[in-house]
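Protein chains: 2
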Amino acid sequence: MKNPLISYFNSYLELNAEEINFLDKNVPIINIEGHHHLLESGETASAFYFVIEGIIRMYYLVDGVEKTTFFYKENDFVSSYESFTKQTPAEHYLQTVEKSKIAVIEDTVVTEIIGKFPRMEMLARIIMERELIVYQDILASFITMNAEQRYVELMKKEPQLWQRIPQYHIATYLGVSPETLSRIKNRIRKKGFS
Amino acid sequence: MKNPLISYFNSYLELNAEEINFLDKNVPIINIEGHHHLLESGETASAFYFVIEGIIRMYYLVDGVEKTTFFYKENDFVSSYESFTKQTPAEHYLQTVEKSKIAVIEDTVVTEIIGKFPRMEMLARIIMERELIVYQDILASFITMNAEQRYVELMKKEPQLWQRIPQYHIATYLGVSPETLSRIKNRIRKKGFS
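Each protein sequence line maps, in turn, to chains A and B.
Sequential numbering from 8 applies to the first sequence in this note's numbering.
Sequential numbering from 8 applies to the second sequence in this note's numbering.
Each hint can be trusted.
No distinction is drawn between identical chains; accordingly, a pair holds when it is met within one copy or between any pair of copies.
EDC-like mimics (lysine to aspartate or glutamate), calculated; alpha carbons at most 16 angstroms apart, straight line: (1) Lys123 <-> Asp31; (2) Lys93 <-> Asp144; (3) Lys93 <-> Glu136; (4) Lys74 <-> Asp144; (5) Lys93 <-> Glu113.
To be clear, the hints were calculated from the coordinates, so they are not data collected in a lab.
For reference, chain A alone in the conformation it holds in the complex (with noise of 0.2 angstroms):
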């Protein structure tokens, strides 16, 4: 099977040989189970990772209570920034919703492609800009929605995607409780949406 990550990339910018050979080498892919840690907060992040297939979610917890801020599909890179780039432990985790498979890019790797392959960091800026755009739209849709309407939005975008994530995920995420949630959907029903 060709490897997806190379096929991502070949959209964006046609890899020759040796940049192919390099990423089939150094770029494992893993199969995890669901509800499995990629990272947990205290650690520091040494990998980003690309979701070829499953869902991970990255989440916070707050007073023992899970908070969640990002769920990432396939193609979605994941990473924890912050952690990653200043080397400092991340405050968050990040965990398989379901079974996935995924691109392990190790810091050590991610250097030395630059080095290597310096044109490759038109992929890491194409990559990073895309993350951008999620995060502003993201944030405007918490100041600018309230939960119901940022429910309607998410269903709107991406219907099959919340199909495979539990309902309690998707309230932590909205920032309500799954009673809330629960009343939401149906107000919504009612409407004739869903």
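Fit chain B to the given chain A structure using the hints.
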């Protein structure tokens, strides 16, 4: 006076005479009054900015009410990434909070810089990495803290900055009314934080 954008870049990558000359010629530095819009909702972003002096506020207009999503200060890059990279109309506004001095980096100049000086890709990556850390941080604070905790956090991190920003902007940033912000401040004062 030395161009502050060049000094900033130099702290990451020592620029050569040709690069400095190019930036000096193609990146104008402008002075703007407070309350001036650099971008309005519906416009397509054609430039990004580097704040040399002053503060720029990003906000959305929701049912006639301004909701602030971010304040950019000295040494921050300001960009409407989605609008800028996809060339689609922005949904937000960018406005100076006070008299500001900013460097204007037009999209055509970005393309030219990276074409002429490929190693400048590295700077683009660093700039975005910084922005991403900020966004991950803010998003986390929205999900893990209430308005009062966020206010305390803001004051701890950048006390000087917040003194320069009107209270009603801070209130929309925290997602509360100015009256609630007053109550929060009174509570904190009683606790002896400020």
